[in-house]
Amino acid sequence: MDEIIKKPTYFRGSKDDVHDWLDKLEQRFKMAKWNDEEKLQYISIHLQDDAYRWWSQTSTTIKSWSSFTEAVIKAFGSTKVQELAFEQLKWYKQPVNQSIMQYYDKIIELCKKIDPAMPDSLKLKYLMAGIRESLKLHVALQDPKTTDSFLLLARKIEDTLSFTSTNNDVHQDEININVTTAQK
Numbered sequence: 032m033d034e035i036i037k038k039p040t041y042f043r044g045s046k047d048d049v050h051d052w053l054d055k056l057e058q059r060f061k062m063a064k065w066n067d068e069e070k071l072q073y074i075s076i077h078l079q080d081d082a083y084r085w086w087s088q089t090s091t092t093i094k095s096w097s098s099f100t101e102a103v104i105k106a107f108g109s110t111k112v113q114e115l116a117f118e119q120l121k122w123y124k125q126p127v128n129q130s131i132m133q134y135y136d137k138i139i140e141l142c143k144k145i146d147p148a149m150p151d152s153l154k155l156k157y158l159m160a161g162i163r164e165s166l167k168l169h170v171a172l173q174d175p176k177t178t179d180s181f182l183l184l185a186r187k188i189e190d191t192l193s194f195t196s197t198n199n200d201v202h203q204d205e206i207n208i209n210v211t212t213a214q215k
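Numbering (this note's numbering), first residue to last: 32 to 215.
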């Protein structure tokens, strides 16, 4: 608790990325095991410049942590960042060399930038839309209902497929060795 108060994660306002700041702040709060009431009580020490002036004017109307996060995003969230995130999300496809975990994190991060309150069902649609073709059918057949179940299933399938392809490579090497030995 002392660490968060002595060394705050500052947010100045429009010059800073409100989403990144909130993510970093939430991580620190989680490590310190702060509840929403404590977060709201000490938020002013994390605000400077425009953000502090904004808080001074609006603090009396904000009664919960969730209403604070909504209000600060509304006040300082860039619509440009939101539009860019939406364009990325719309066209994003999982690259061949990207793990399902990295893909999941990327999509969820973009969803958060577009709408922090985006429903899980919509996030799931975006996850399914851009997943690598080699995984898509396998995951779709399992019909995940939440983003958590999507991640669990997709990781299991990815692991199984990578194990299978590794096994095939090993088996192929054995065949080549046997053929070479037989030819001698």
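Worth flagging that the hints you see were computed from the coordinates, not collected in a lab.
Note that beta-carbon positions come from the ideal geometry of N, C-alpha and C, so glycine has one too.
Any given hint might turn out to be false.
[To be verified] Calculated cross-link-like contacts (lysine-lysine; reagent style DSS-like; alpha-carbon spacing at most 30 Å):
| hint | residue 1 | residue 2 |
| --- | --- | --- |
| 1 | Lys187 | Lys176 |
| 2 | Lys37 | Lys121 |
| 3 | Lys70 | Lys143 |
| 4 | Lys111 | Lys64 |
| 5 | Lys105 | Lys70 |
| 6 | Lys61 | Lys46 |
| 7 | Lys187 | Lys156 |
| 8 | Lys70 | Lys137 |
| 9 | Lys64 | Lys167 |
| 10 | Lys176 | Lys137 |
| 11 | Lys61 | Lys167 |
| 12 | Lys105 | Lys167 |
| 13 | Lys121 | Lys94 |
| 14 | Lys94 | Lys70 |
[To be verified] Have a look at the derived ranges for each label pair, beta carbon to beta carbon:
| hint | residue 1 | residue 2 | range |
| --- | --- | --- | --- |
| 15 | Lys167 | Ile36 | 21 to 29 Å |
| 16 | Arg186 | Gln88 | 43 to 51 Å |
| 17 | Ser97 | Ala171 | 20 to 28 Å |
Next item on the list: May I ask you to test the hint 43 to 51 Å on the CB atoms belonging to Arg186 and Gln88?
Entry: holds (46 Å)
Item checked: Proposed proximity, Lys121 with Lys37 (alpha carbon, max 30 Å) -> violated (41 Å)
Note to self: For Lys111 and Lys64, compute the direct alpha-carbon distance and say whether it is at most 30 Å.
What the structure shows: Answer violated: Lys111 to Lys64 is near 33 Å, above 30 Å.
Next item on the list: Measure nothing beyond the straight line between the CA atoms of Lys94 and Lys70; if it is 30 Å or shorter, mark the hint as holding.
Entry: Distance ~11 Å between Lys94 and Lys70 Cα, so the pair holds.
Next item on the list: Using the Cβ atoms, figure out if Lys167 sits within 21 to 29 Å of Ile36.
Entry: At roughly 47 Å between Cβ atoms, Ile36 and Lys167 fall outside 21 to 29 Å, so the hint is violated.
Check: Is the Cα-Cα distance between Lys176 and Lys137 30 Å or less?
Finding: Measuring from Cα to Cα gives roughly 19 Å; hence the hint holds.
Item checked: Proposed proximity, Lys46 with Lys61 (alpha carbon, max 30 Å) -> holds (25 Å)
Notebook entry, point to check: Is it true that the CA of Lys105 sits at most 30 Å from the CA of Lys167?
Noted result: violated (35 Å)
Margin query: Against the range 20 to 28 Å, how does the distance between the Cβ atoms of Ser97 and Ala171 compare: consistent or not?
Written below: 33 Å Cβ-Cβ, so the 20 to 28 Å window is violated.
Next item on the list: Take a quick look at whether Lys187 and Lys156 sit within 30 Å of each other, Cα to Cα.
Entry: Within the cut-off at roughly 19 Å; holds.
Notebook entry, point to check: Does Lys64 pair with Lys167 here, judged by a C-alpha cut-off of 30 Å?
Noted result: violated (37 Å)
Notebook entry, point to check: Between Lys70 and Lys143, is the straight-line Cα distance small enough, at 30 Å or below?
Noted result: The given pair, whose Cα atoms are some 20 Å apart, holds under the 30 Å limit.
In this structure, the hints that do not hold are numbers 2, 4, 9, 11, 12, 13, 15, 17, in rising order.
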